[in-house]
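Chain A is already provided as a structure; the job is to place chain B on it using the hints.
Residues per chain are reported as follows:
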Amino acid sequence: MQRRTVLKLALTAPLLASRRAWSQSKAITLWYPAGDITAGAAHFSDKSFFAPYEAKTGVKVEAVGLDYDTMQQKIFAAAAAKNVGDILFVDGSWVPGFLKEDMLDAVPDARSKAWLDAVSPEIRTLSDYGKGRMWGYPQYGIDIYGLTWNKDHFKEAGLDPEKPPRTWDEFRDYAKKLTKRDAQGNITRVGYAIRHVGHPHGIVHKHFWALYGAGASLVDDPLALRGGKANFNNDGGRAAVKLVLDMLDVDKSTSLNFPDPRAALLKGLASMQISETVSIHERAPKEAPELKWGLSATPVRKAGDKPITLLGSWMYAVPKMAKNREAAWQLLEWINTPEQDFEMCKKYAATPRYKVNWERDPFKSNAYDQALKQIYPYGKPLPVNLGLNGVMDAVGGAIQKTWHHEAKLEEALAEAERAANKAIADAAK
Amino acid sequence: MPAIRRLILRLHARHVWHAYLFVAPIIILFGAFRVAPSVQTLLYSVYRVELLRGRFTFIGLENFRELLVDRAFQQAAWNTLVYVLVIVPVSAALGLLLAVLFDTRFPLRELFKALYFAPMVTSTVAAAVVWWWLYNPQFGLFNVLLRLVGLPIQPWLMSSRTALLSILLFSVWKGIGYNMVVYLAGLQAIPESFVEAARIDGAGGFQRFWRITLPLLAPTTAFLLIYNSIQAFQVFDQVFVLTSGGPAGSTNVIVLDLYRQAFERYNFGYAAAEAMFLFLLTLGVTVLQYVYSKRFEVSY
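From first to last, the protein sequence lines are chains A and B.
Just so you know, the working numbering puts the end of the first sequence at 436, numbered straight through with nothing missing.
Just so you know, the working numbering puts the end of the second sequence at 848, numbered straight through with nothing missing.
Next up, chain A with everything else stripped away, as it sits in the complex (with noise of 0.2 Å):
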């Protein structure tokens, strides 16, 4: 009897050891966007990001650079194969597709509820789905859309630096006397810099500024994960669109010769673009140390119009599938505590989430921070439908083929609504 018990102590205490070694050293995987893609990805490769909750809970976190653009199609196929990291960190447009497919843990009912009261109102538009529900955090140094452009340029120009344009058809003259053409009338700086190549997601998220401020908008209920209908095939979807088509064919103030925005203000190719802000304000002093550069809200269709730009973030989320869920949402709610939030957008220069660290230095008195807090109430996130991807592809579509010249505005609107009003149903089924 007692050789047995002996026996069964030999056999289990390694088990036990083991087991206990493992919790000791237990380790979470987070995975994010390697790259330049956000600001905010960048500070997971900081080793000093997770020390202090490491330290305090004994837990590693271990981060996991994706390639962007096959970041999405990886999260999907790892959490089919129930292999997937144990927080994601993804672009807030994958969000909708995601929910599609019944992929993410919702966050608490009391935990959303504490957090959309605390923090200030662009990050409480960002988290809540409709009705107080939350899927995730999003992330300090939220995206807003503005107008950059370069001070240099609208000196040359006559214009006043200081002064960006506030209507189209401010922009629209702007943009004109802004272009700059060699001997034989090729231009060799556009006004303005349009996005209209690439993936017809970024196309729309460029213009979105325009769809909105006209009146347009991707569906018709923003809020609703089913159903509704596309809503951009009207009087303000085709202003928005014909917009950059007059720039292009009438006043030759903008060229599809040109590339990505944001590369063609920071070399000196576009004297205004309008993307990510957070986007030059990273780059410019590494790509372009000497460009001096401004910013502002989006130019509206008409005086007194209120303008509309897109707000978006990279959002901390957790799949149901996730082996280490409870330990993800643990270091979830420690990444999003007041003092954290505080502490991470300090050390890293990003514009912070709660309502009191805005009342803080340095976020109070910082010059950038304050002037996208300018332009934060005029954001709009996209809508959370579960066939936004459709409906995207649909827009982006019908703007490239309309600037392209390969459809004719009303039918390349026509067409894409079809297209859009099918993803959303079949999106519902």
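These aren't lab readings, by the way, just hints derived from the structure by calculation.
Beta carbons are placed, not taken as given, at the ideal position from N, Cα and C, and that holds for glycine.
There could be a bad hint or two in this list.
[Said to hold, decoys possible] Under the rule of at most 16 Å between Cα atoms (straight-line distance), these lysine to aspartate or glutamate pairs were calculated in the EDC-like manner:
hint	chain 1	residue 1	chain 2	residue 2
1	A	K429	B	E614
2	A	K354	A	D53
3	A	K249	A	D53
4	A	K81	B	E812
5	A	K436	B	E598
6	A	K429	B	E610
7	A	K429	B	D618
[Stated by the list, open to error] Which chain B residues face chain A? A few, computed with CB under 8 Å, are given here:
hint	residue
8	R619
9	A745
10	T791
11	F811
Only chain B this time, still in chain A's reference frame:
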């Protein structure tokens, strides 16, 4: 002795079991990574597939019916067809031209041969990234060269009118080396006596090529046409890197479209239907080419 036992013993005596044992690893791997996914794709094509929920709804031929009215797919299918119709003959013709040039002796022949073959062994993605810069309208080498000779600069990948052509140019550059090497092997296999006899009969250089060399290269040509067609129908990497299917869908191809349907819109059933369509298209063209090429079979 029962017949089955006799059969087993006979197979054992002939070492058939051993043979199966030796080929088993590759059969198992082929089955697991080729046959099983293909069968799965065929099954998915008649279902609405919600992979993460594990929900599969049988919908018959609905996915295929939708394919027929989907304009994005129609454009992708058309672009793929144009790509195949251009790339297959052009690559073969230029490969043949180079092979004929390299079949004669001249200084640094091996070096030039290696240079032409190098793109073939270069990663498509890496090469496409380099070409993306070459095509840059402002700084790219191609427009710099056009400016130097006084020709108008081109938008290349930035325009829906020139983007597919730009991808075709890249693909020709990438594939020409392989065609050249295969043709060179074919040329060197032609007995010298055939050409010699024609020369004695007074045939000129062009006549010898047209009447002797080209017909004797028919099996090589048939192989290249079939191989190039299969490769061309599956074009993806260069399109993904250079244009992502744009501008305005002008370079969207079937594989890219099905990739998007599957991994961006999670329509796995629909994507599987696109894959089956592509399979049938490739199979049809291959069978057609194979049957037709039988007419040109030669032996020497």
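Checked hints:
For the given pair, A/K429 sits about 11 Å from B/E614 by alpha-carbon distance, which is consistent with the 16 Å threshold. The straight-line distance between the Cα atoms of A/K354 and A/D53 is roughly 11 Å, inside the 16 Å bound, and the hint therefore holds. For the hint linking A/K249 to A/D53, the alpha-carbon distance of about 45 Å lies beyond 16 Å, and the restraint is violated. This hinted pair checks out: A/K81 and B/E812 have alpha carbons roughly 10 Å apart, not beyond 16 Å.
Taken as a hint, the A/K436 and B/E598 pair is honoured in the structure, with Cα atoms around 11 Å apart against an allowance of 16 Å. Of the pairs offered as hints, the one joining A/K429 and B/E610 holds, with about 14 Å between alpha carbons and a cut-off of 16 Å not exceeded. Restraint check for A/K429 and B/D618: satisfied, since their Cα atoms lie roughly 11 Å apart, inside the 16 Å limit. Residue-level restraint check for B/R619 holds (minimum Cβ-Cβ distance to chain A is 7 Å; threshold 8 Å).
The beta carbon of B/A745 is not positioned within 8 Å of any beta carbon in chain A (closest approach about 57 Å), and the interface hint is therefore violated. At its closest, the beta carbon of B/T791 sits 7 Å from a beta carbon of chain A; the interface hint therefore holds under the 8 Å criterion. Satisfaction of the interface hint for B/F811 is found here, the shortest Cβ-Cβ separation to chain A being roughly 4 Å, below the 8 Å cut-off.
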